[in-house]
Structures are given as structure tokens and as C-alpha cells.
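Make the full structure from the sequences, and use the hints.
Residues 55 to 158 (the numbering used here) make up the sequence shown, in order.
Since the hints were derived computationally from the structure, they do not count as laboratory data.
The beta-carbon is built from N, C-alpha and C at its ideal position, and this holds for glycine as well.
It is possible that part of the hints are untrue.
[What the hints assert, rightly or not] In silico DMTMM-like pairs for lysine to aspartate or glutamate, Cα to Cα no more than 25 angstroms straight-line:
no., residue 1, residue 2
1, K155, D70
2, K71, E56
3, K74, D131
4, K98, D131
5, K155, D144
6, K71, E137
7, K71, E132
8, K155, D73
9, K55, D144
10, K74, E116
11, K147, D100
12, K71, D81
13, K72, E132
14, K141, D131
15, K74, E102
16, K74, E137
17, K155, E56
18, K147, D70
19, K72, E139
20, K141, E93
21, K155, E102
22, K72, E116
23, K155, D122
24, K141, E56
25, K141, D73
26, K71, D144
27, K147, E137
28, K141, D122
29, K141, D70
30, K55, D81
31, K71, D131
32, K141, D81
33, K141, E116
34, K155, E116
35, K72, D144
[As the list claims (entries may be wrong)] Label-pair ranges, simulated between beta-carbon atoms:
no., residue 1, residue 2, range
36, K155, K74, 37 to 45 angstroms
37, T67, D100, 38 to 46 angstroms
38, E132, I101, 34 to 42 angstroms
39, A96, G133, 37 to 45 angstroms
40, K72, G108, 31 to 39 angstroms
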Amino acid sequence: KEYCLFCRNITATHIDKKDKGLANQIDRALISIVLNIAEGSADKSDIEFARFLGISIRSAYETVAGFDLATLYGYVDEGLNQEVENKAHDLVKQLASFRNKLRS
55 KEYCLFCRNI TATHIDKKDK GLANQIDRAL ISIVLNIAEG SADKSDIEFA
105 RFLGISIRSA YETVAGFDLA TLYGYVDEGL NQEVENKAHD LVKQLASFRN
155 KLRS
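Dropping the structure here:
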């Protein structure tokens, strides 16, 4: 949730007024991260939960791609984009580690 709030603040302050479509796509990917974790955790099957964590991981990478575009378009500076990317990779590592434990 921390990553989502961090990124949402950036989309609201740097992207939304310039490119609502891109901001909306990033925001939907952020929402997908949290909602897929919640949905997967409700399942009694570790395999299904692991599948939902995989979807969350893909959504995290989607946010990184969205911020890469925002940087390319000049909405976000490279330093802020790198901060987003670093936080995303930390989140993905945590999710992937948990997913791997569920699979074993």
C-alpha cells in the first residue's frame, strides 16, 4: 500500500493534469497490485494465492513502464522515476519471495 500511495501522489501532482489517460492507466495498475493480493489471500489454495501474487507483480512492472513513459514525455524527472523503479523492485522482490514460499 505504501508503494501505491507514493506513486499515486506522483500521478496526481505530475501527470494527471498533463495526461489523464496515462495517469489513469498507472492508477489502475496500482489498484491492481493491492486488490490482487487481497483477492488471492482470500483463497484457500496456496497455488491460487501465488497466481494472484504473480498478477500483482506484473501490475507493479506496469507502473514502472507507465512512469518510464511519463519521464519520456517530460512529466516526471529521471530522479523521481528512478525512485519509483527502486521502490517497485523492492516490492516485487517481497512479492516474488512470498510467492516462491507458497509454491514450495
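Here is how each hint holds up against the structure:
Between K155 and D70, the direct Cα distance comes to roughly 38 angstroms. Violation of the 25 angstroms bound is thereby established for this hinted pair. Of the pairs offered as hints, the one joining K71 and E56 holds, with about 23 angstroms between alpha carbons and a cut-off of 25 angstroms not exceeded. As the CA atoms of K74 and D131 are separated by approximately 18 angstroms, the hinted pair is consistent with the 25 angstroms bound. Proposed proximity of K98 and D131 is contradicted: the alpha carbons are some 43 angstroms apart, above 25 angstroms.
Distance check on the hinted pair: K155 and D144 sit about 17 angstroms apart at the alpha-carbon level, within 25 angstroms; holds. Distance check on the hinted pair: K71 and E137 sit about 21 angstroms apart at the alpha-carbon level, within 25 angstroms; holds. Simply put, K71 and E132 have alpha-carbon atoms about 19 angstroms apart, close enough for the 25 angstroms limit, and the pair holds. Restraint check for K155 and D73: the C-alpha separation of about 39 angstroms exceeds 25 angstroms, so the hint is violated.
A threshold of 25 angstroms between alpha carbons decides the hint, and for K55 with D144 the separation of about 13 angstroms falls inside it, so the pair holds. Under the criterion of a C-alpha separation no larger than 25 angstroms, the hint pairing K74 with E116 is consistent with the structure, at around 16 angstroms. For the suggested pair K147 and D100, the alpha carbons sit about 18 angstroms apart, so the restraint of at most 25 angstroms is met. The hinted pair formed by K71 and D81 meets the criterion: a straight-line CA distance of about 14 angstroms does not exceed 25 angstroms.
Pair hint K72 plus E132 holds up; C-alpha atoms about 17 angstroms apart against a cutoff of 25 angstroms. The hinted pair formed by K141 and D131 meets the criterion: a straight-line CA distance of about 16 angstroms does not exceed 25 angstroms. Using a Cα cut-off of 25 angstroms, the hinted pair K74 and E102 is violated, with the two alpha carbons roughly 34 angstroms apart. The hinted pair formed by K74 and E137 meets the criterion: a straight-line CA distance of about 22 angstroms does not exceed 25 angstroms.
Only pairs whose Cα atoms come within 25 angstroms are accepted, and K155 paired with E56 is accepted, the gap being roughly 23 angstroms. Simply put, K147 and D70 have alpha-carbon atoms about 28 angstroms apart, too far for the 25 angstroms limit, and the pair is violated. Note on K72 and E139: the hinted pairing holds, with a Cα-Cα distance of about 21 angstroms set against a maximum of 25 angstroms. With a C-alpha separation of about 23 angstroms, the suggested pair K141 and E93 falls inside the 25 angstroms cut-off, and the hint holds.
Between K155 and E102, the direct Cα distance comes to roughly 13 angstroms. Compliance with the 25 angstroms bound is thereby established for this hinted pair. This hinted pair checks out: K72 and E116 have alpha carbons roughly 19 angstroms apart, not beyond 25 angstroms. In summary, the hint linking K155 to D122 is not supported, as the alpha carbons are separated by about 31 angstroms, beyond the 25 angstroms threshold. As the CA atoms of K141 and E56 are separated by approximately 10 angstroms, the hinted pair is consistent with the 25 angstroms bound.
Distance hint between K141 and D73 is fulfilled; the C-alpha atoms sit about 23 angstroms from each other, no more than 25 angstroms. In summary, the hint linking K71 to D144 is not supported, as the alpha carbons are separated by about 29 angstroms, beyond the 25 angstroms threshold. Proximity of K147 to E137 is assessed by CA-CA distance (about 15 angstroms); at most 25 angstroms being required, the pair is judged to hold. Pair hint K141 plus D122 holds up; C-alpha atoms about 14 angstroms apart against a cutoff of 25 angstroms.
Between the alpha carbons of K141 and D70 the distance comes to roughly 21 angstroms, so the proposed pair stays at or under 25 angstroms and holds. For the hint pairing K55 with D81, the CA-to-CA distance comes to about 12 angstroms; that is within 25 angstroms, so the pair holds. This hinted pair checks out: K71 and D131 have alpha carbons roughly 16 angstroms apart, not beyond 25 angstroms. Of the supplied pair hints, the one linking K141 and D81 holds, its CA atoms being roughly 16 angstroms apart against a limit of 25 angstroms.
Taken as a hint, the K141 and E116 pair is honoured in the structure, with Cα atoms around 13 angstroms apart against an allowance of 25 angstroms. At most 25 angstroms may separate the alpha-carbon atoms for a hinted pair to count; K155 and E116 meet this at roughly 24 angstroms. Distance hint between K72 and D144 is unfulfilled; the C-alpha atoms sit about 28 angstroms from each other, more than 25 angstroms. Look at K155 against K74: about 39 angstroms separates their beta carbons, and that is inside 37 to 45 angstroms.
Between T67 and D100 the Cβ separation comes to about 39 angstroms, which falls inside the hinted range of 38 to 46 angstroms. Taking the beta carbon of each, E132 and I101 are about 40 angstroms apart, inside 34 to 42 angstroms as hinted. A hinted range of 37 to 45 angstroms holds for the C-beta pair A96 and G133, which are about 38 angstroms apart. The hint said 31 to 39 angstroms for the Cβ distance between K72 and G108, and at roughly 32 angstroms that hint holds.
The structure does not agree with the numbered hints 1, 4, 8, 15, 18, 23, 26 and 35 stated previously, though it agrees with the rest.
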